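Novice: Since the structure of chain A is already known, use the hints to place chain B on it.
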Amino acid sequence: MRKMLAAVSRVLSGASQKPKCDLHRLEEGPPVTTVLTREDGLKYYRMMQTVRRMELKADQLYKQKIIRGFCHLCDGQEACCVGLEAGINPTDHLITAYRAHGFTFTRGLSVREILAELTGRKGGCAKGKGGSMHMYAKNFYGGNGIVGAQVPLGAGIALACKYNGKDEVCLTLYGDGAANQGQIFEAYNMAALWKLPCIFICENNRYGMGTSVERAAASTDYYKRGDFIPGLRVDGMDILCVREATRFAAAYCRSGKGPILMELQTYRYHGHSMSDPGVSYRTREEIQEVRSKSDPIMLLKDRMVNSNLASVEELKEIDVEVRKEIEDAAQFATADPEPPLEELGYHIYSSDPPFEVRGANQWIKFKSVS
Amino acid sequence: MAAVSGLVSGLLKRRFHWTAPAALQVTVRDAINQGMDEELERDEKVFLLGEEVAQYDGAYKVSRGLWKKYGDKRIIDTPISEMGFAGIAVGAAMAGLRPICEFMTFNFSMQAIDQVINSAAKTYYMSGGLQPVPIVFRGPNGASAGVAAQHSQCFAAWYGHCPGLKVVSPWNSEDAKGLIKSAIRDNNPVVVLENELMYGVPFEFPPEAQSKDFLIPIGKAKIERQGTHITVVSHSRPVGHCLEAAAVLSKEGVECEVINMRTIRPMDMETIEASVMKTNHLVTVEGGWPQFGVGAEICARIMEGPAFNFLDAPAVRVTGADVPMPYAKILEDNSIPQVKDIIFAIKKTLNI
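Keeping their order, the protein sequence lines are chains A and B. Position one of the first sequence corresponds to residue 1 (our numbering), numbered consecutively onward. Position one of the second sequence corresponds to residue 1001 (our numbering), numbered consecutively onward.
Bound-form chain A, shown alone:
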């Protein structure tokens, strides 16, 4: 019966419901109303729920010491990765920093490959060689560990887009902490100078590790920090706001006007990483308030149910399916073997004949294959 309902439903009835985005050097911003189809709504819901449950599973596996090292989770920020993906094409490009599991999924990799990479197994998307911060997919350039370094990289990918003349854009993400890196301003300058189709996106989750934005930045209006680059500030907890802003920004770039900057105001429930409980620099009350008032999945669910796009039961079914998918993926990630020791030396160089790589002493040699 639900499936026979009108496929289209007007979601926001008036401009009063959501304020316009804050704009910098822009006459107009993204539209304040949009159309959400049932199909899209269900897709976004499923994707966000998958990211959420995947991150929570990673938390569990980390506490069981099956995942090691760094693990930066993005639960709370699902509307960003899913919303951005909804606003671009698969042929567009995306690069981000280390809080990358959500983007790795939305850019097309499976939960299996992602969890298996986190557990360091050969079925991981980087064959266990990279771990949490170094996952790559088609048109997705990671996963980068050095704060801020991904921003010039993203501008370079945008340069390639312009060079190739195919109307593609590059989404270049960084956090509120990284926003103070000098190389980002170098990238802004060159992107603007050369009119690169680069959408700089600051995912502002209010804290750079343990340092709140007020303690780190002389100006916390991150959407204005591009100075000569037009910018907009967007509610990063509302997936439709993110989608519309992304569509707007992508259209701007594709028209050849040069780069644009988007600040997504969002929030992470976890600490900076698994070694940070996340409550020494913020209160549990604050975290709870965001969860109860602005949770992105809850917001979408409420919207869909209230507009009769889906029933509560239907969405619960999706929850069950997602849980199963995550369980299966976790099983795989736990059971899959580690990469074979013989492959320790592999992938040093691309396209080269095999050669020898030195191990811990001169008698230990590993073969290196491209």
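Honestly, the hints are just simulated from the structure, not real lab data. Treat the hints with caution; some may be incorrect.
With the C-beta cut set under 7 Å, the calculated list includes, among others, these residues of chain B facing chain A [as the list claims (entries may be wrong)]:
id : residue
1  : M1083
2  : N1118
3  : S1127
4  : P1132
5  : P1163
6  : N1188
Note that the structure is predicted; figures quoted are calculated from it, not measured. Just so you know, even glycine gets a beta-carbon here, dropped at the ideal spot from N, CA and C.
Specialist: Chain B only, in chain A's frame:
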């Protein structure tokens, strides 16, 4: 070819002119220029970016004429933003282009070294073989003349330290052209350490070097001079000093085998070892600082390999002095290996 032209000229009563290319003199600068020009023409994904590379024709004129020929899209002047433009170049390489990123000198590459190492060198490995980075970083390296400490550092050891990078160090024009072309065609990040003082030096260009497909393989050293008494291994400008030292010593009956490394990483130990096993003596010569340098690595590897048992004396290193480069000429001259220092080291090793 001369015979044919003579025959045809006889038939047609016309004169054909054909000059043998063998005696061609080309400076290192022009050799690099030629190499880049040919690769830019061959593959439209290749482009050059850096400070002053376009409209200024290159800070050292190495890219002279390229902007005029290829235009703004392929030859790009950057602002003074090494970390930014090196990162942009690496990103472009990740997205499938083949950038040549020029550092005005490698001293400035320190500002961008994170992009070279963490974004370029390590990525193919970290991605499990999914993401190659076909980029070339090039520019002058090491000491120049009177440019003092901040502009005179040799980065061969620093870049040579890192798996995932290839590092080459041309000496003469043939090296310069063959190596830059190989570097551009290589699908990996390659650091090309040129030398400012060598840019203007002409060398004879053999016929094969004049071909558009002339490549020198990365990872292969060249024996510039055969010898029997001692192996002298070097890279970049000091190779010339080693040959001078060898000429002087030859008159005294000492025949040095001079090896031009051409590549720092992956190092061609086989050529060096085979030579040491023949001569039983080894001196390494480099412009960089002694501690943790190229020579130190060669000596360590000699100890680990078959050549150790053939040494009749400890291996010896000749290097730059262990100081930041001074300015005054007398001090600067004594901070880099001179011919007399190489001769002295060779004689000490041979105990003569």
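Novice: Hint by hint, note whether the structure agrees.
Specialist: Evaluated hints:
| no. | hint | verdict |
| --- | --- | --- |
| 1 | M1083 | 4 Å, holds |
| 2 | N1118 | 5 Å, holds |
| 3 | S1127 | 4 Å, holds |
| 4 | P1132 | 4 Å, holds |
| 5 | P1163 | 6 Å, holds |
| 6 | N1188 | 5 Å, holds |
Violated hints are absent here; each numbered hint is respected by the structure.
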